[in-house]
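Hints given; two lone chains; assemble the complex.
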Amino acid sequence: AQSVTQPDARVTVSEGASLQLRCKYSYFGTPYLFWYVQYPRQGLQLLLKYYPGDPVVQGVNGFEAEFSKSNSSFHLRKASVHWSDWAVYFCAVSMPGGYKVVFGSGTRLLVSP
Amino acid sequence: GGIITQTPKFLIGQEGQKLTLKCQQNFNHDTMYWYRQDSGKGLRLIYYSITENDLQKGDLSEGYDASREKKSSFSLTVTSAQKNEMAVFLCASSIEGGSYEQYFGPGTRLTVL
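Chains as they are written, first to last, in my numbering: chain A, 6 to 118; chain B, 0 to 112.
Isolated chain B, as found in the complex (with noise of 0.2 Å):
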């Protein structure tokens, strides 16, 4: 089996910071997702990667950066983070696209004073 790791676990972050959450897996997999996740909204699209190196806008990747230098890992920035932000992000990874079954991180808790 594998794992995908997300650190860090809690982030707190000051108006206007930019943040950095990092997403590493070890199940060899092809594509890897940013999810954010709001309370009683369910899971919103952040950006995915099809293979190293590529990226892919999802429904709400304004505000965001990704990054995807290896195939184990794959990065996200808050440009600037908003007051009294709070949400969880989630990473995935599948082994190829959307058809397969997404195994999840545990995710890292956003806070924004």
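The shape of chain A in the complex, shown without the other chains (with noise of 0.2 Å):
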């Protein structure tokens, strides 16, 4: 079955540093992997999505992720953060062609001034 690991329950990053948030999957195969956002006392929004192709991939305000098939690895990556971006961020991954999607534990990002 699969599962995500994200091995760090809270980062906390100067505003203006750049931020790298850990995520391992375990899946036997190629999966879909996913980077949601959670602003406090909302629900999840997409950051960004990883189909097969480029490992490199682009998101919203600035985020990008790395898909590493050999280190099963999709980290969360921003050159300079922002206070707005302290939230709680989930990674996620699900088979293709399958139903359900399995979310890692989250990572806390607090920005200091």
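Take these hints with a grain of salt, some might be off.
[What the hints assert, rightly or not] Here are the simulated lysine to aspartate or glutamate pairs, DMTMM-like style, with alpha carbons at most 20 Å apart:
#1 B:K40 x A:E71
#2 A:K105 x B:E95
#3 A:K54 x B:D64
#4 A:K105 x B:E100
#5 A:K54 x B:D53
#6 B:K69 x B:D53
#7 A:K105 x B:D29
#8 A:K105 x B:D37
#9 A:K105 x B:E61
#10 A:K105 x B:D64
#11 A:K105 x B:E51
#12 A:K105 x B:D58
#13 A:K105 x B:D53
#14 B:K69 x B:D29
Read the hints as simulated data drawn from the structure, not as lab findings.
Now the structure itself:
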């Protein structure tokens, strides 16, 4: 069965600094991968998604992620963090043609001035 | 664009009570989901529905029932609320299955006294 691990429960970054949030997945084959963001008291919103193809995926608000089959990873990056990026970020995986989506436990991003 | 509406926003129940949560979407999506979100544990799938009148159990279906009588609506029933239970229940929809982006509602926050 597929699974997702986000090893960092909480990450603190200074405003303007770069960011990397880690995601490791377990799946036999090439899955579909997603990053979602949850702002306080809201549902989740899609940041970006990976379908088999170019390993670097661009998303909204300057976010990008890189798929690595050899490392089973899909890390999220941003060059310069803004205070409005303060939120919880979820990595998710699904099987091609399937209906279930498995979410990681989330990483809470704190932005310091 | 569309929207997912969840009612109620806040739900307070007593131990042993049967409680129903409702979800409506106007995307005309086929697939709908119910997730439970506990602090620090990410999202866990309770039920999903591929189309009207279809129900599929997720990983956390014990203690819950679901109903999809119309394409646009998906309800979840907590069959017997557990004392001191606190969680957020998120409804989501997608065009067709887990390969596609999921759109989330704002959630129903459950507290059991």
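request  = Could you check the structure against the hints above and give me the numbers of any it violates, in ascending order?
outcome  = 1, 3, 5
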